[in-house]
Amino acid sequence: MDLGPIWLTAKLAAVTTLVLLALGTPLAWWLAHTQTRVKPAIEALTALPLVLPPTVLGFYLLILLHPGSAIGSLWVQATGDSLTFSFSGLVIASVVYSLPFMVQPLQTAFAGVGRAPLEAAASLRASPLGAFVSVAVPLSARGFLTASVLTFAHTVGEFGVVLMVGGNIPDETRVVSIAIYEHVETLRYADAHVLSAGLLAFSFVVLLVVYSINRRFPVHAI
Amino acid sequence: MPSESLELDVTAKLGAFDLEAALALPLDGITAVFGPSGGGKTTLLRTIAGFERARGRIALGGERWLDSSRRIHMAPHRRPVGCVFQDARLFGHLDVRGNLLFAARRARNGGATVDDVVAALDLGSLLHRPVADLSGGERQRVALARTLLTDAKLLLLDEPLSALDTERKADILSYLENLSVPMLYVSHAVDEVALLAERTLVLADGRVRAFGATREILERLDIQSITGRFEAGTLVRARVVEHDPQYHLTTLDVGGQHIVMPMSTRLAAGDFARVRVRARDVALATARPRALSIRNVLSGTLIDLVREEDSPFAEALVEVGDQHLQARITRASADELGLSVGQSVYALVKSATFDH
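Going down the list, the protein sequences come from chains D and F. Heads up: take any position in the first sequence, counting from 1, add 137, and you land on the numbering used here. Heads up: take any position in the second sequence, counting from 1, add 1433, and you land on the numbering used here.
This is chain F alone, in the form it adopts within the complex (with noise of 0.2 angstroms):
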């Protein structure tokens, strides 16, 4: 199905600060949007959402949300779009009922419906509960669920699971994935979002730095130094081959070769998983070593190399199969091994994360 996307250059001014962005968002899938605090996330979060006096364009498909030459701005409620804010913002007056039915009975065409929220957020035994009464991770959780159950075209979600903890968040998070909903989701935790967002945007000082596939994102070595918050590093593509429950150990397919990880029983054999794996974590050899601690050794084809000037480091970008590992070693150590572009090297993964 091909699918429609959101138009949008614009230039909103708050104070010191001014944002402008000017992209073409596919309406599919999970786009992550990270940068520094202050980088202007919120902020076009909340000129998409029309909260913010902005200039310039902003169009779905042929429905214009603002066009400041026509004098165009089309109300935050017209917009068919569902807004997480960072704090929450439950109604107090009302329980977690009240505010699940607040946003039911302003559905036009009917997203999901009022139990299945419940039950994907396990909200059940809160229902009744005065929202003044909930931790910092259940108002998110109701928060979410009452932005879910609005028929919107686009969910913008600010930092929306920040308060909830690893394994809470990772069922949310599947949740979130398979939802048909196209979202804008901030985030600070890059292995978060990166696991499952297909896009990246990437804002620093109210611009856009960088915008494309996730893997690619991840990938160029340019950005690095401006997000700041990444920890360097690639997403790999991996084909669960088997579990060794006696080692807790599961064999994963990488690039048509094989890495060993701690197990994840989550996955059966045959699943495919993506992995981080951090650049820190990766060293380079030119000959294959021997006798070593680190079980997963994989050759490949240097395929970039930037050496960062007044720092001791330089990233290496390795290709394994269709697959790409990022290397972060010594410059002395990439003189020393004489690395160049396009010759072969083994990677050293010392570890690895999934978390679904």
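This is chain D alone, in the form it adopts within the complex (with noise of 0.2 angstroms):
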């Protein structure tokens, strides 16, 4: 059996995951914390990915990273590569499709900790950053976990917007998803079934730990 597209597609969800941890974090608490009123906008804007179809998703994200646009153009000058048909812009697609299952868990983390046990780490000399590594952080704990399974799995699943803007090329682009859709196409059935029954069986372990996490660790700020 071929492993090159489990290896990829674990690498795919796993950059996808830390980018959108480093990504996402900033935005989550902005939204958790902000008065502004453009906020419903920007939660709407983040939201976009549930429910576009991939397809359009996939169409935009081609248009804007193709070699031809400026994006595309600087990141071939840059790279000497391309970012459609490429693992770097899979990356890309992944973290714009896979935005609203980062921001979403850890937004209400955040929201839930609230500004008092803020407050009294600040009166007890933590600097802002100081209290969200030192208290929010850890007080979120749940929600990070949660939102970074959720961004991994939801990569994993991903296959509309893999096939517009990444194709299908092996070691690439080629993960389990356009593999199994190979397959099918070129009747390999038996091949199919060992990669549909696997990532069924780790969506079903993926979201056990999801509610398991959620029921077994209520952490409070008291």
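Do not take every clue at face value.
[Said to hold, decoys possible] Where chain F lies over chain D, by a calculated footprint (3+ residues, C-beta under 8 angstroms): (1) 242 to 256; (2) 262 to 271; (3) 275 to 289.
[To be verified] To spell it out: a stretch of chain F is covered by chain D in this simulated footprint if at least three of its residues, at any positions, have a beta carbon under 8 angstroms from a beta carbon of chain D; those stretches are: (4) 1508 to 1518; (5) 1529 to 1539.
Derived from the structure by calculation, the hints contain no laboratory data. Glycine is no exception: its CB is placed at the ideal position from the N, C-alpha and C atoms.
With the hints as a guide, bring the two chains together.
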């Protein structure tokens, strides 16, 4: 059996989760604490990937990232590589596609922590960053775990966007869902069965973990 | 040592409520903050700590914490104040020891040590307990201990002991009294703080109604109706003369005359105590009464008399030596006795309290 797609999928999901932890955390923090009037607009933008057909998202990303576009040509100049139909392009697409799965649980967790423990930390001389790292993050640990697991799993399950932006290049963009599609197209049902059953089991375990975390580790600020 | 003071001239708006306060708070000893709920006590503390957006000026010595005309707003964590919040606000992801170390690690000039506060607030048996398991009183003790560990120049205590029993509260209050750190202490229980606060600030409807020496504030007849929660009365400085173990009584010297109270073994003969005498426990007579169950009869001079309109009562202030007593009597008796300021009267004290 060809392990390439499985390895590639795991790599894509891991990199996407790490990038989204870095980008989604400040965005979720801002959304949880801002009082600006544009907050609903930003929240709606963040949630768009939940409702848009992946083909729409993929289509716009293709327009945005292809070598003739501003971003795409800059990337080609900098790396000599194309963003479309490459692993880097897939990471960008996955980050956009999985954004709400990172931001929403984190925003809920940060809002749940509230200002009270942060004020207490400030009165004990913790800087805003210090209070974030040593109070808000540990109190939101469950939110971080849920957000990371969901982001990872959702990236593993993406298909339409990958097909639009990445195509089907072995070891570059050929992730598990694409491989399954190809197996079915070429009537290799046995291979399709193995990968499909694998994804099914993986997704179930992930959701089981998420629901167990939410039930078993309630963390409260006193 | 001439003490610094916290100069304050601020307005803070919170929805429909607004706070306006201008005062110079000397940074020594304990200042009690009293007033009806919703009067602005918590908002005042939060404004000083930097948690509320306020306009105006706050400065400590030459250090400006707030000057809205110059767009200065010092971040809360840079202000050398320590806050104990009404709701304790312990960190749920840490145990008791972790909460204390959080503060100890960030204290710059090392105030109290962890061992000090653990001993003073009797936290030894709680150190490894998760904070979720603590009772309300235990939480308040940990929150207070945590704040005492910071090297604060001013402590802002918002009803920090409300969930503690009387005995424990008295122990902690006497510990706080002996700390050299100045504090603003919000409390609803006048007996709790009146005994140890040098100054009292009365806040109502977001305005400072009175600010001054606790004794004077408690004697001011005009603000007692505003504050409502005040149980009218005065603080009296008394010297312990002797204990009578047979009748369980302690004799005190008040302004050169003796009164007798239920015995307090916490005090030794010669000690000075502050005693709170409630106005409703004091009656007046124009001649020394005989054959009376009340043992405490003090002769003095009537120095103030306020007849409350549309009320059966009048408030009288009596000077006994260098001490003052307040009496709440009926307007009818005041008129019948023909009381007038300056005349000699006898104050009959039914009871008095001293907690420590």
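| message | Count the residues of the segment 275 to 289 of chain D whose Cβ falls closer than 8 angstroms to any Cβ of chain F, and tell me whether that reaches three. | response | Per the Cβ count (3), the hint holds.
| task | Check whether three or more residues of the segment 1529 to 1539 of chain F sit with their beta carbon closer than 8 angstroms to a beta carbon of chain D. | result | holds (count 3)
| said: Quick check: do three or more residues in the segment 242 to 256 of chain D have a beta carbon closer than 8 angstroms to a beta carbon of chain F? | reply: Holds: 3 residues of the segment 242 to 256 of chain D have a Cβ under 8 angstroms from chain F.
| Given coverage of the segment 1508 to 1518 of chain F by chain D, tested with a Cβ cutoff of 8 angstroms and a minimum of 3 residues | holds (count 7)
| message | Closer than 8 angstroms Cβ to Cβ for three or more residues is the test here. Does the segment 262 to 271 of chain D pass it with chain F? | response | holds (count 7)
Checked against the numbered hints above, the structure breaks none of them.
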